[in-house]
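Chains as they are written, first to last, in numbering that gives the first Met the number 0: chain A, 0 to 60; chain B, 0 to 469.
One or more hints might be untrue.
Here are a few chain A residues that sit away from chain B, every Cβ distance over 10 angstroms (derived from the structure) [to be verified]:
| # | residue |
| --- | --- |
| 1 | S2 |
| 2 | D4 |
| 3 | R9 |
| 4 | A44 |
Below, simulated EDC-like cross-link-like pairs (lysine to aspartate or glutamate); rule was C-alpha separation at most 20 angstroms, straight line [stated by the list, open to error]:
| # | chain 1 | residue 1 | chain 2 | residue 2 |
| --- | --- | --- | --- | --- |
| 5 | B | K392 | A | D46 |
| 6 | A | K3 | B | D11 |
| 7 | B | K464 | B | D11 |
By construction, these hints were calculated from the structure, which means they are not laboratory data.
Here the structure is a predicted model, which is why all the values come from computation and not from measurement.
Glycine residues also receive a C-beta, built at the ideal position from the N, C-alpha and C atoms.
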Amino acid sequence: MSSKDDITHRLALLQGVKLSAADLEAITTEIQDLERIVAELEEFAGDTPWVSLQVQPIDKL
Amino acid sequence: MINDFLEADLTDLSWLISTRELSSAEVVTAALERLKRLEPKLNAFITVLEKQALAQAKTADDEIARGQHRGPLHGVPLTIKDMFATRGVRTTGASKILLDWVPNFDAHIVERLNAAGAIIIGKTNLDEFGHGGTSTLSHFGPVHNPWNLECIAGGSSGGSAAAVAARIGPLSYGTETGSSVRRPASYCGIVGFKPSFGIISRYGSFRGAWSQDHVGVFARSVKDIALGLDATAGYDPRDPSSVQQSSSAYSSCLDAHVKDLRVAVPRRFLDGTNPAVKEAFETALKVLAEAGCVIEDFDLPELCYAAMTSLMTSSAESAGINRGWFRERHQDFVPHVARGLAVGMAITASEYLTVQRARHRIREALRETYEKIDLIVSPTTARVAPPISEGVKGNGDDTRHASYNHSNLLRFPSMLGLPGCSVPCGMSPEGMPIGMQLIGDWFADQTVLNAALAYQGSTDWHTRKPSVDQ
């Protein structure tokens, strides 16, 4: 998928909300940054196991 | 002018009311008058509960006269962030969307405060639904810092921090998803404490990001923080993240003897810190060392990814929470908040899960670290409160790059659910407060409070007050 297609795909996730041209430009820039961040975090996460219930606290002892 | 008793901390004020040296009605009236006098300068409140507060104060006085004293909060005026539902009182989240929403139920902390006989006099201003770090992203306009009205109070619980700093009640409750208790506490020169995830129920407060949201407490002294925690901590089945815990007695377990406490300094993350902030922090470290703490430097490269991971997590979760409103009323959000939600909506499920793996890696690295140390300490923020005119960029955060930047230190405690406390530790040459944060192991809330108490016992930064009256 080209970068342009990918942005289009992501903007479709906004489910039809109409944005101003300025907002659209700002959001597009942030989305491009987002893809870089996810790529870096994916590399960082490496072989870390997939965890379940990771958002729940450990019971207080 | 300020009534002397508004200078009193919660502990002293409570004693004066319980012994009927002062009536709750007198104290509440004075606090309300002060609120109204300063509000044009601070814009710290969204709703003032004058009539209700005065009626409750009279009830408190009657009960105390009959010997029915409920405890340290009885009859004491305090404030809460407008994130918490209040039965019969509008609850806005600083939004246009909920401008006229009047809940028919109370949030957990409101229930607990009512049961303790506390008098809620006002609901404080914030970044819309807690989405921000400045308290400028409010439908009701920005909160102004009592130390310099041209500067931000920090966010998102800025109204709560400004109120306590300005002596409008000795205690306030806020929420923290990224740094929304510790940062405003630091900027406003007061104490801010965020307990371990699950200690205070979040039932009835708006969700910013469910896996990072906490309820926190603001006060001028650590002892008052502990009293505020005692009143609200405890298991609540209505919050799925609430943890089983014995009845809270943090205030009675306070102990300033911290000899041999192992205190670690993440030195590499402090390179970009403002020189005045760094100097104040180094002096604070000496105070902790003199109190018996063993200070050592440490490095944890995994922390370089904390701010990015926290940002991605909160972006995705807040979009999930707000998607209905975003679809139907996106134009009613504060524009910067709406843009953030739009970006969050564009994060896919697989990306969110990838981010959670990164989060797990950071958590495991911290878990190993806390086997060797008791506390991580650092400046709470890398700089003092910036001017309002600098907007959301004024905080100088960098949450988009993996690096040794200070934003990681602000973000990891909430992302991982660790207890953290910010205490005043100095003043900048411009006269703005500087804070130091102490971050403990999971559920080592008492250790954090004890170390903060030990620090306050040797310093007087927490007694400084802004000249907002002039």
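Violations among the numbered hints, reported as their numbers in ascending order: 3, 4, 5, 6
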